[in-house]
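Chemist: Sequence:
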Amino acid sequence: MKSRYWIGRGLVNNKGSSNPGPMISWWQSFWKTRIPIKIKIFMWKACHDWIPNMVNIARMGVQTNGLCGACKSAHETTLHSLWECDKLKHISGEWRHGGSPLRSNHSNFFDLVCDISCLVSREEMELFYVLVWRIWFCRNSNLHGCQIYKVKDVVRWSEEFIADFHSKENSNMSGGVRSNVSISCWKSPGDGAYKANYDAVVERRGNCVGIGTGIRDSTGVVLASCSQIMEANFSNKSG
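Counting in full-length UniProt numbering, the sequence shown runs from 1 upward without gaps.
Hints were generated in silico from the structure; no laboratory data involved.
Check before you lean on any hint, since a few could be wrong.
With a Cα cut of at most 25 angstroms, we get these calculated DSS-like pairs of lysine-lysine [said to hold, decoys possible]:
no.	residue 1	residue 2
1	K168	K40
2	K195	K38
3	K87	K72
4	K150	K32
5	K89	K72
6	K150	K38
From just these sequences and the hints, can you work out the full model?
Modeler: Here is the structure:
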């Protein structure tokens with residue numbers, strides 16, 4: 001916890017500085033967190049403001065007023081869509097259950113993430129990553145009409161998801177438990193080469209499929225990533 005605090009505080013204090021040390025240390029710590037790779041890729045994109053919120057879509061030339069589709073009263077930036085929207089206000093209280101208050105003047109989403117990383121434990125931070133990933137999933141599903149999800153259920157769903165993920169991960173890593181699923185570790189493609197990894201998640205109840213891809217160089221640095229949610233049809237098959 002102490003090392004994470006100083007990494008996060010170093011990021012907050014060194015914004016605009018030419019010293020990349022705190023930034024590199026923070027990202028190294030982030031990539032070691034115990035969350036699915038698809039959530040890591042999403043967080044990486046969100047922290048760089050690369051997710052297609054209404055403001056970013058407007059910047060690309062699409063005709064839109066840039067307003068949030070949920071509250072319809074503020075421009076939908078990454079920070080707004082994942083945390084500051086009035087429709088999400090109850091989530092912070094449910095997630096943290098007390099503790100030091102967050103600042104109220106974050107300049108962007110990554111500023112918020114750095115602030116939170118100074119105040120909470122690793123376990124709480126991992127839950128936060130799942131929370132915002134689920135918030136974005138619900139936002140997309142509600143916006144595109146796959147299925148209407150209730151924001152009030154986000155915290156409970158995220159707690160169950162991360163607990164289940166950790167349980168399965170611990171089971172796979174335990175020497176006393178045999179598993180048919182091998183633990184996947186990223187391997188370098190060799191000097192001068194690049195490697196693409198992909199993953200998919202199926203939401204049968206909403207008839208949605210999410211696909212994510214990440215590209216890294218030989219040292220493991222992420223160069224590009226993309227993700228997409230698509231409508232799917234799951235038909236019953238009889239043998």
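Chemist: Please flag the earlier hints that this structure goes against, numbers listed from lowest up.
Modeler: Number 4 - this is the single hint that the structure violates.
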